[in-house]
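Colleague: Protein sequences appear in the order of chains S and W. For the first sequence, my numbering begins at 15 and goes up steadily by one. For the second sequence, my numbering begins at 497 and goes up steadily by one.
No lab work stands behind these hints: they were computed from the structure. Each hint should be verified, as a subset may be incorrect.
As the list claims (entries may be wrong) - Simulated restraints, written as ranges between beta carbons of each label pair:
(1) A594(W) <-> N314(S): 52 to 58 Å
(2) D656(W) <-> Y208(S): 43 to 49 Å
(3) V333(S) <-> A594(W): 35 to 41 Å
Stated by the list, open to error - Negatives, chain S to chain W, calculated, CB over 12 Å:
(4) S59
(5) G124
(6) P179
(7) F185
(8) S186
(9) G329
(10) F337
Here the structure is a predicted model, which means the values were calculated and not measured. Every residue, glycine too, gets a C-beta built ideally from N, C-alpha and C.
Here is how the chains run, residue by residue.
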Amino acid sequence: MTVQTQDPLSTAAPPSPRAPRGARMGLVLSLTLFGLLLVLWIALSISTETFLTERNLSNLMRQGAMVAIIAVGQTFVIITAGIDLSVGAVVGVSSVAVSLMMVHGFGIAGAVALTVLMGVAIGAFHGFGIVQLGLPPFIMTLATLTALRGIGLLVTNGATISGLPGSFTDFSLSSFLGIPSLFWMVILVAVPAYVLLQHTRWGRYLYAIGSNAEAARLTGVDVKGMIYLAYMVSAGLAAVVGVLLAARIGIGNATQGEGWELQAIASSVIGGTSLFGAVGSVQGPLLGSFILTTINNGANLLAVNPFWQRIITGGLIIVIVYFDQLRRKRR
Amino acid sequence: MTDAALIDAASPDAPAEPAAAVPVLALQKLDKRFGATHALKAVDLDFAPGEIHAIVGENGAGKSTLIKLLTGVHRRSGGELLWEGRPVPLGSPQEALALGINAVHQEVVLCRHLSVAANLFLGDETTRFGLLRHRAMVRAGQAVLDDLGFKLRADATLSDLTIGQQQLVATARAATRGTRFLIFDEPTGYLTRQEAAQLFTLIRRLKAEGVTVVYISHRLEEVFELADRVSILRDGALVSTQRVADTDEASLIRGMINRSVAQVHYKEAVAFGPEVLRVENLSGPGFSDVSMTVRAGEVVGLYGLIGAGRSEFVQTVFGRHARTGGRMVLDGVPVAIRNEADAIRRGIALVPESRRDQGLCLNLGVGLNVNLAIYDRLVRGALLDRGAERAAADRQIRDMQIKTASRDANASSLSGGNQQKIVVGKWLAHGAKLYIFDEPTVGVDVGTKAEIYRIFARLLQGGAAIILISSYLPEVYDLADTLHVFRRGRLVASHSGAKPDPEAVLTEAIGA
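Kindly produce the complete structure, drawing on both the sequences and the hints.
Modeller: Dropping the structure here:
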């Protein structure tokens, strides 16, 4: 790919001393979040003996991977000024679906493919409700959040599905080049997501819709189609995470992924996404989710009371997003 | 207010020289910088009690900055403000309101879901034991409206009113709060003729009561109708302040733009080509039974009052709304346009009425906005060709002379005229055989207006056809080859070739 030639100034731009401000701001923002992540890591390496161990770092990457992937999907939706509250429920129902299929003799590849396809179909259903029925995204995905949990519980009768093939569950423990396979999945998702958002016209359309859907529509943008796309990406990635989760914990359970939608939204917002739409990136939610995961991981290692952990996490979200907004206002 | 009355009575045929009284507000070397931008350059101005003072200038001349300094939204960078001779800091909107300085803005800033009365008394509600007294407020609100001569109901919900009527509510709100200094920013842009007349009556009455009125408008004939004095701003500096009686339209325009008047009205005849669009008995939401033809090289003007169905008609032609009856023939072929994308594919382009709500992605870059219609051409396979994207954006910014810091600057950071150039430029980049312009020059400065007219000429010479909607009669009257008049959703009159005089056209639009 010869796309990133990074030469915005030398092309004949209108006279301007600070031409690539948008791009530079994005870079500064990611760098600063990355800086925060580094500071957290250094602080934890000094204050605990267990943080900087291969075992813990692998664990951190595996933990963070799940939320990171749904946060990327969530960001696609938020950029269109929407919201997808159903992703946690999709994770749960997907873990059930993939487990059921494997227990009933489907091959691993077939079960995984069908489960991801189911996720995409759920996303299409969200698109249908929002575009064709005109429901607000919040309501539409709140409804499926409830209903999908119900479906998962109904199908399993509330039970946990176990007995998954070892070759399936081994994936979550495996590594490639010393890095957990689960983390490779993040990269496998993030790279195409980045290309889609920044290097295709559909990415531009998503931003345009989030900024002003009416203007986009009057300019000939297929607003309906793009909204379908955003929700299909989000639910599809949530289904992928459901599969990964089933592999990691070795079971399928409809109540898994509880509250993950909120973690995904928090990761996205920490990563600089605006809930008003049209502002967001792929690298932002990735950093956001690993910051959240590091905070939890560090609090565990420091033996902080888990009830306090929740309070601290909530407080930190407010602080991080506040400073981020402050920085962007000041430019 | 008795003072003003006394002066008027004492010298009925020699009106009091406004500058002679102690100015209610005096600006001394008022200066404002935004970073590197010098928005207002050492402006000296004074406003007399009971004076109507017009301020004119192109977009970006510093009018909006001046309003924001006077209403306490921004703080000045240098200079002094004297209120009745005393220096005042004027550092917050609250302080401005406490002094009696108020403004009616171009865009209505009211609560759309509340009643007219609730909006009138917002922040100043009548209560008993902490509970609202709805009926008392509606009664008081109605009294205010009746007293001002506005034909509006106080219990109506604001969103049920037209934009013009909402503007009158905003005016009533500003005029009834102990206001002594009232700024109007382009108040008649969305008003019908009757509404404008009601507004002018109110302004004259405020003047008689000793209120100072600052009147900002691109419509110079309003300046001559209303104002005592007129000040010209250009590039942030004061060009001149004159009594209106001592100047004329041509010299004002010269002062504003430094370009000759001849360039401002630009129209040359182009031979008509084949028929591009024919609609027969077309009906849709808000209009019915409209028939017309549009030929290549022709400007078809649609005139009427706001709400006459013109915008709804063109939006139906553009596929935004479904038609409920009639036929549409494009290039001799009957068509059923399914949606906007379909219309664009068939060669129709629409520059919508509200550039903020319908034309622009305000918090995205200028480049994305001008390219939005042509992204399907800026690709290599599935991927975007980012070099081509940048080049296309820069070309359009240069061609349209859009004044922007860069192609990545947000569209919201540009002045109204430059924003309109983005919307127009987007369609020039795409190309079409029928361009529909819906109120293309509302809130646009004289210079940009002239550029838009020049673009019309260029499009016509290139063989395109234009449908032009305007509520500004001189504009459609001068530019249209064929002029259609709409009234209450129907096409009531059509003129091609020699037109009747403007008064007759107005009468058709209003209905006798």
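Colleague: Broken hints, numbered, in rising order?
Modeller: Hints that this structure does not satisfy do not exist here, as all of them hold.
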